[in-house]
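**Q** The primary structure of each chain is shown beneath.
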Amino acid sequence: AQSVTQLGSHVSVSEGALVLLRCNYSSSVPPYLFWYVQYPNQGLQLLLKYTTGATLVKGINGFEAEFKKSETSFHLTKPSAHMSDAAEYFCAVSPSGSARQLTFGSGTQLTVLP
Amino acid sequence: KAGVTQTPRYLIKTRGQQVTLSCSPISGHRSVSWYQQTPGQGLQFLFEYFSETQRNKGNFPGRFSGRQFSNSRSEMNVSTLELGDSALYLCASSLGPQDQETQYFGPGTRLLVL
Numbered sequence: 001a002q003s004v005t006q007l008g009s010h011v012s013v014s015e016g017a018l019v020l021l022r023c024n025y026s027s028s029v030p031p032y033l034f035w036y037v038q039y040p041n042q043g044l045q046l047l048l049k050y051t052t053g054a055t056l057v058k059g060i061n062g063f064e065a066e067f068k069k070s071e072t073s074f075h076l077t078k079p080s081a082h083m084s085d086a087a088e089y090f091c092a093v094s095p096s097g098s099a100r101q102l103t104f105g106s107g108t109q110l111t112v113l114p
Numbered sequence: 001k002a003g004v005t006q007t008p009r010y011l012i013k014t015r016g017q018q019v020t021l022s023c024s025p026i027s028g029h030r031s032v033s034w035y036q037q038t039p040g041q042g043l044q045f046l047f048e049y050f051s052e053t054q055r056n057k058g059n060f061p062g063r064f065s066g067r068q069f070s071n072s073r074s075e076m077n078v079s080t081l082e083l084g085d086s087a088l089y090l091c092a093s094s095l096g097p098q099d100q101e102t103q104y105f106g107p108g109t110r111l112l113v114l
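As they're listed, the protein sequences go chains A and B.
Heads up, the first sequence is in the numbering used here, so the first residue is 1 and it goes up one at a time.
Heads up, the second sequence is in the numbering used here, so the first residue is 1 and it goes up one at a time.
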């Protein structure tokens, strides 16, 4: 069985500051890892994903995440927050071989302060 | 290219009724997955279809069912609605059963059960 823990249901940063959203996972098999963003009244948009290969993954809108197997983590970062980054962010895991059956974390609401 | 469309966007039903939600995947996509999003349980996988066959199913009661048509459009049905079925139901499509393919989410159908 897999699970995802997102530390901090709410995170606030100032515009221009570093964004760090934390995600830890547990998986009995090599995982695929994802970060999605959800804006109000919208579906989920994929920010980035890790399947195999390079452990530092770059995504859209300046976000990146690093897969650290020893720490079972996949934290999401962005060097400089923008007001438009305010949204809810979800980390998700799936067992390799079933990328469309995702287990999601509980989400982190990001607020960007002017 | 049009994205994933879901109809209706909003729905109000009463306990005991049944409901059918529809999802049209992106043109050329043959895999459709369904998720339920609630404040209490978060995002949970319901089921996945490819080529009119259910490939995976989440931990939901038999009241939740789905199907996929030859044109890849999918429907999910919930019978004997309960208050706890109130949720945002999200559909996601991908090209096919390849592990690394990205899932594209629709805007969801918001169901309220009274």
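Everything labelled a hint here was simulated from the structure, so no lab data went into it.
Hints should not be assumed to be uniformly reliable.
Stated by the list, open to error - Chain B is faced by these chain A residues, among others (derived, beta-carbon under 8 Å):
1) 42
2) 43
3) 46
4) 48
5) 90
6) 100
7) 107
Every residue gets a Cβ at the ideal spot worked out from N, C-alpha and C, and that includes glycine.
**Q** Taking the closest Cβ pair, is residue 42 of chain A under 8 Å from chain B?
**A** 6 Å, holds
**Q** Can the hint on residue 90 of chain A be confirmed by a CB-to-CB distance to chain B that is less than 8 Å?
**A** Given a least distance of 7 Å, the restraint on residue 90 of chain A holds.
**Q** Regarding the hint that residue 48 of chain A lies at the interface with chain B, is the smallest CB-CB distance below 8 Å?
**A** 10 Å, violated
**Q** Next item in the hint list is residue 107 of chain A. Is there a CB on chain B closer than 8 Å to its CB?
**A** 7 Å, holds
**Q** Given residue 46 of chain A was flagged as interface, is its beta-carbon under 8 Å from a beta-carbon of chain B?
**A** The hint holds - residue 46 of chain A has a Cβ within 8 Å of chain B, the shortest such distance being about 5 Å.
**Q** Less than 8 Å between beta-carbons is the criterion; does residue 100 of chain A satisfy it with respect to chain B?
**A** With Cβ-Cβ at 5 Å, under 8 Å, it holds.
**Q** Are residue 43 of chain A and chain B close enough, Cβ to Cβ, to be under 8 Å, as the hint says?
**A** 4 Å, holds
When each numbered hint is compared with the structure, a violation occurs for hint 4 only.
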